[in-house]
Every structure is written in C-alpha cells, then in structure tokens.
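Trainee: Build the full structure now, drawing on both the sequences and the hints.
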Amino acid sequence: MEHDSGHTTPTAHPAEAHEEHHHPGWSTYWKVALILTIITIGEVWMYYIPALVASRVFVPLLLVLSALKFIIVVMFYMHLKYDHKLFRALFTGPLFIAALTLISLLFLFGQLVAKLGQ
Amino acid sequence: MTAPAAHHYTSTGLDSRKIAIWAFIGSECMLFTSLISTYLIYKGRNRVGPYPHDVWVDPTTGQQFPAILNIPVTSASTFTLLMSSLFMVLALAAVQNKHVPKHTRGDRILGSSKLWLWATAIAGTVFLGFQAFEFTSFVHEGLTIKTNLFGSTFFTLTGFHGAHVTAGVIWLLTLLSIDYRRGLGPADALNVDIAALYWHFVDVVWIVIFTLVYLIK
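Protein chains in written order, with the numbering used here: chain A, 1 to 118; chain B, 119 to 335.
These are computed hints drawn from the structure, not numbers from a lab. Treat the hints with care, as some may be off.
Pairs of lysine-lysine residues, derived as DSSO-like cross-links and limited to a Cα-Cα distance of at most 27 Å, are as follows [stated by the list, open to error]:
1) A/K115 - B/K335
2) A/K81 - B/K216
3) B/K220 - A/K31
4) B/K232 - A/K31
5) B/K220 - B/K232
6) B/K161 - A/K115
7) A/K81 - A/K31
8) A/K31 - A/K85
9) B/K264 - B/K161
10) B/K335 - B/K161
11) B/K232 - B/K216
12) A/K31 - B/K216
13) B/K335 - B/K264
Mentor: Following this line, the structure appears as structure tokens:
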C-alpha cells in the first residue's frame, strides 16, 4: 500500500522526487483493531474483579494497557512508525513536556495536601 | 482541499500541511494534559456527591445516589470509537489506492472511500450519541458541572473531547461531500491523511480518558 505521506527527499526538487512510503494494509489494520479490542475487553473485565481492583497492581496494570493501546494507535494507525523523524519529534516532544507537567503537578498538589493535612 | 495537486513544501522536503497537523496535535496533547491534570488533582476531593464510583447518601435529605459512572455504556462507546479508527485507516487506504484495479467484491468494498468515510462519521456520531445519553443521565441523577469538583472536571474534560469529535465528524462530512462531487483520489491522499491523523488523535485521547476517568477508582 503506497501513500503520499507528505515526505520528499530534502535535497531533490519536491515535484520531481516525491518519495513514497509503504504503509501497512488491511491485514495489519484488522489485527491492530483486534488487539485493541482484546485489550479493552481485558481492561473492563479487570474492573469487575474486586480482588484485583483492591490490589496494588490494578492501577499500574491499567496504565500499562492504556499506554500500550495509545502506542499501537500512534504507531500503526497514525503511521508514526513509518513516517519522517520530524513528525515523531513534533508529537513526542510536546507529549514528553505534557507528561512531565502532569507528574509535577500531581507531585506538587500531593505535597500541598499532605502539608495542609498536618 | 480545493487544489489537491498543489503542494506546500518546506526546506525539510516535507509538506507544510503535514508538519502543521503534527504541530497542532502536539499542542493538543498539552491542552488535554492540562484538563486531565486538573481532573486528577481534584479526584477524590469532593465534599458532596454524586461520586463517580461510590454510593453517596445526602446527609440533609437522606437520599441515596448510586455510583454515577456507567461502565458498560462507556465501554460500548469506547469500542465504537476504536472501530472508527479502523474505518478511518481503511478510508485513507481506499483513497490512496483509488486507481488500483478491483477484481473481487472484497476489493471493491475495501476500495470504497465513501463507505469507510461514512462508517467513520457514523461511528463518531454514535459515540457522540452515547456521550449525550451519559451527560443527560448524569444531570437527571443530580450531577451537573457545578455540583462538585468531579462534575466540573468531568464535564469540562469529556465536553472538550466531545467537541473535538464533533469537529472531526464535520471534517469527515466535508471530505464525503468532495468525494461525492468529484471523487477523492491519490492526489487527495494527503488531505485525507491529515483528517485521519486528527481523528486518530481524538481516539488516543479517549483511550487515556477511559482509563483514567472511568476505570481507575
């Protein structure tokens, strides 16, 4: 499956040297959809097991599964696995900053609540 | 969209429209992270119910409010949105391979950009229907945007996401109208790809929201 991904070789004239990328086809796409569905069913199934919900592994497990689904969609459906590095940088850069901000805010507010609670 | 043959190349050799959509998606990551952060910071700090995962009894009236989140309904809407991403990649593939000969019925189905664009738009609309149902039932059960911290952060976060899905459905409908007017072909692949990237981003945001808001108690 060939595709105009908006990428040309930098040195050549764009109109003359339009580089084509090979993206996955139907056989990959339906497998990805199946994997995403199975993971989602697994997540919901876990939600209804009280012993698992009460355990320490529940939240980390859900976060890992969610991250896995996120990565699969970004890599295969958004084609970031096959596209130019610049696109990857444009996505992962802000995502990294955002994740860092989220963790920092949770830490700061956690500390604040702990301090106010004392 | 009106000039499919026109390219907007930059010094990197990449099309500026595709760079722009990735930069936009990067900025959207920050927007949704700010909303998710706010939700998580206020999570479990409600002074009054209804609560997302627990029963709440109003001390003044004695009225009992059940846990407000409806996981089966949201699971169905999540599945719908996940499937819409599959339909969207199939729509893009159909546009890219428009001129490839289709010999079998299966080839013709897979090669129908109209079918997959319709399927994606309908799946997005069904998701919005689920969200409208959820919001309406929450209001009937006593949770509004000003009831408590959960209500404020929940409606803001999921409302912003719903607005993005709505914009995506409108975008898909414009692509469909172009497809009906003159047909979408390989020359339009980048325009469809850009719409697809936006749609998949909306999907990945929901993947995060579904876990953090609905599944983690």
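Trainee: For every hint, state whether the structure bears it out.
Mentor: Evaluation of the provided hints:
no., hint, result
1, A/K115 - B/K335, "holds (24 Å)"
2, A/K81 - B/K216, "holds (24 Å)"
3, B/K220 - A/K31, "holds (23 Å)"
4, B/K232 - A/K31, "holds (23 Å)"
5, B/K220 - B/K232, "holds (15 Å)"
6, B/K161 - A/K115, "holds (18 Å)"
7, A/K81 - A/K31, "holds (16 Å)"
8, A/K31 - A/K85, "holds (25 Å)"
9, B/K264 - B/K161, "holds (15 Å)"
10, B/K335 - B/K161, "holds (9 Å)"
11, B/K232 - B/K216, "holds (11 Å)"
12, A/K31 - B/K216, "holds (23 Å)"
13, B/K335 - B/K264, "holds (21 Å)"
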